[in-house]
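Student: Spelled out, the chains give:
2 protein chains.
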Amino acid sequence: MSNRLDQQRKGSFITVEGTEGVGKTTNIAWIRQCLNTYGIEPLMSREPGGTNLAEEIRVLLLEPREEPMAELTELLLIFAARAQHLARKIVPALNAGQWVLCDRFTDATYAYQGGGRLLDKTTINNLENLVQADLRPDLVLILDIEPELGLQRARQRGEPDRFEQETLEFFRRVRAAYQERASQDPTRYLVIDAGQSLDQVQRQIQSGIEAFMSRRLAV
Amino acid sequence: MSNRLDQQRKGSFITVEGTEGVGKTTNIAWIRQCLNTYGIEPLMSREPGGTNLAEEIRVLLLEPREEPMAELTELLLIFAARAQHLARKIVPALNAGQWVLCDRFTDATYAYQGGGRLLDKTTINNLENLVQADLRPDLVLILDIEPELGLQRARQRGEPDRFEQETLEFFRRVRAAYQERASQDPTRYLVIDAGQSLDQVQRQIQSGIEAFMSRRLAV
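If you're matching them up, the sequences are chains A and Y in order. Oh and the first sequence: position 45 is 44 in numbering that gives the first Met the number 0, straight run, nothing missing. Oh and the second sequence: position 64 is 63 in numbering that gives the first Met the number 0, straight run, nothing missing.
Keep in mind the hints are simulated off the structure, nothing from the lab. All figures in this text were calculated on a predicted structure; none of them were measured in a lab. Keep in mind that a hint or two might mislead.
Within a straight-line C-alpha distance of at most 25 Å, the following computed SDA-like cross-link-like pairs (lysine to any residue) qualify [what the hints assert, rightly or not]: (1) A:K120 to Y:D133; (2) Y:K23 to Y:P41; (3) A:K23 to A:Q155; (4) Y:K88 to A:R116; (5) Y:K88 to A:K88; (6) Y:K120 to A:K23; (7) Y:K120 to A:L129; (8) Y:K120 to Y:G157; (9) Y:K120 to A:N124; (10) Y:K120 to A:L61; (11) A:K120 to Y:L117; (12) Y:K88 to A:P67; (13) Y:K88 to A:D119; (14) A:K88 to Y:L117; (15) Y:K9 to Y:L189.
When you get a sec, could you build the whole thing from the sequences and use the hints?
Tutor: Structure below.
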């Protein structure tokens, strides 16, 4: 179970990020449709999770509980789930030439644990290198929204999980961390204004995918 | 929830290590009795585990499962549980002046994941520093036995867990890693020949504790 990527791999790895209530589910379905028009049927996955064991770790991470979870415990559980997801699902798929479309990945760790919890970025980067070696998403779509608006939407969905219970200030830091990540690599990151109408959001996503496909074909 | 140790701490941190079937339960009870004769009632704990959440992580680690667990997943789950155990139980106890007597700790990670699984020691050391800062056990008792004999004993106890299902070769590497750790710091480590009679084992443990107490009083 090596996480090493085959240099000959053909599949691309696309991740979708964003804070609560940003419309990820709807927009991921749309991204998939956009890829379908190119004859690509991506393997769909999500983090934390993606395999049975990683989904069990997800439950530990999201369930509200009486015992406060230490910040390092949270961070290490996330990377434990990610190591499993990579070894058992993502890397084999990419190596087999499949595309992978994943709801959240390591940018979420920089945003939530780095930005939100204020954990040291170098620590996150060390774990990223340990678990992923040189694997990074080829394209990251960040659905961006005012945290006030996103939380309003998210809280209509029922019982909040351990993260959704966080403060507005926490989500402002998460959002800022996402934006900072995106600004450092504008080619690989695409920030979508998710406060627009669904139609506008979808058009922006579509042209982002089109641009990515052109770059990809040009290589 | 800082893992920083109070410099004024009075409690000592004693851990007990060893491969399967080495008689840890019986001997830990005996170590506790030895400490009791000095008026010390240690906080008893174990790894992986020690808090509700860490015990849930323990279940993930030990349960045999169909989905093979990636080695890095195992390593990160162990340190996730440890971070929780330290933050919620061990560090607060030591800082309050309590003694802690723990069934397995990070030496087990060097032995099982380093020796057994052949994971890189530098990786383990980096995670140890991340999660423990400068906290190390004050005394480590290693119960040492021929793996053949230990496994024979352990397998009489019912269904083997995910580790007990490992090969003899695996446990030989685990044992060798424990011995190597001990040889590098003979003051802090005490290797007990657990193949002796219970009476002999207990006398060796007792004089080890006595020597530790004398050193401690001499500081």
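Student: Work down the list of hints and note, for each, if the structure agrees.
Tutor: Against the structure, the hints:
no. : hint             : verdict
1   : A:K120 to Y:D133 : holds (21 Å)
2   : Y:K23 to Y:P41   : holds (16 Å)
3   : A:K23 to A:Q155  : holds (15 Å)
4   : Y:K88 to A:R116  : holds (21 Å)
5   : Y:K88 to A:K88   : violated (36 Å)
6   : Y:K120 to A:K23  : violated (40 Å)
7   : Y:K120 to A:L129 : holds (13 Å)
8   : Y:K120 to Y:G157 : violated (32 Å)
9   : Y:K120 to A:N124 : holds (19 Å)
10  : Y:K120 to A:L61  : violated (31 Å)
11  : A:K120 to Y:L117 : violated (28 Å)
12  : Y:K88 to A:P67   : holds (12 Å)
13  : Y:K88 to A:D119  : holds (23 Å)
14  : A:K88 to Y:L117  : holds (23 Å)
15  : Y:K9 to Y:L189   : holds (22 Å)
The structure is inconsistent with the numbered hints 5, 6, 8, 10, 11, although it conforms to all the rest.
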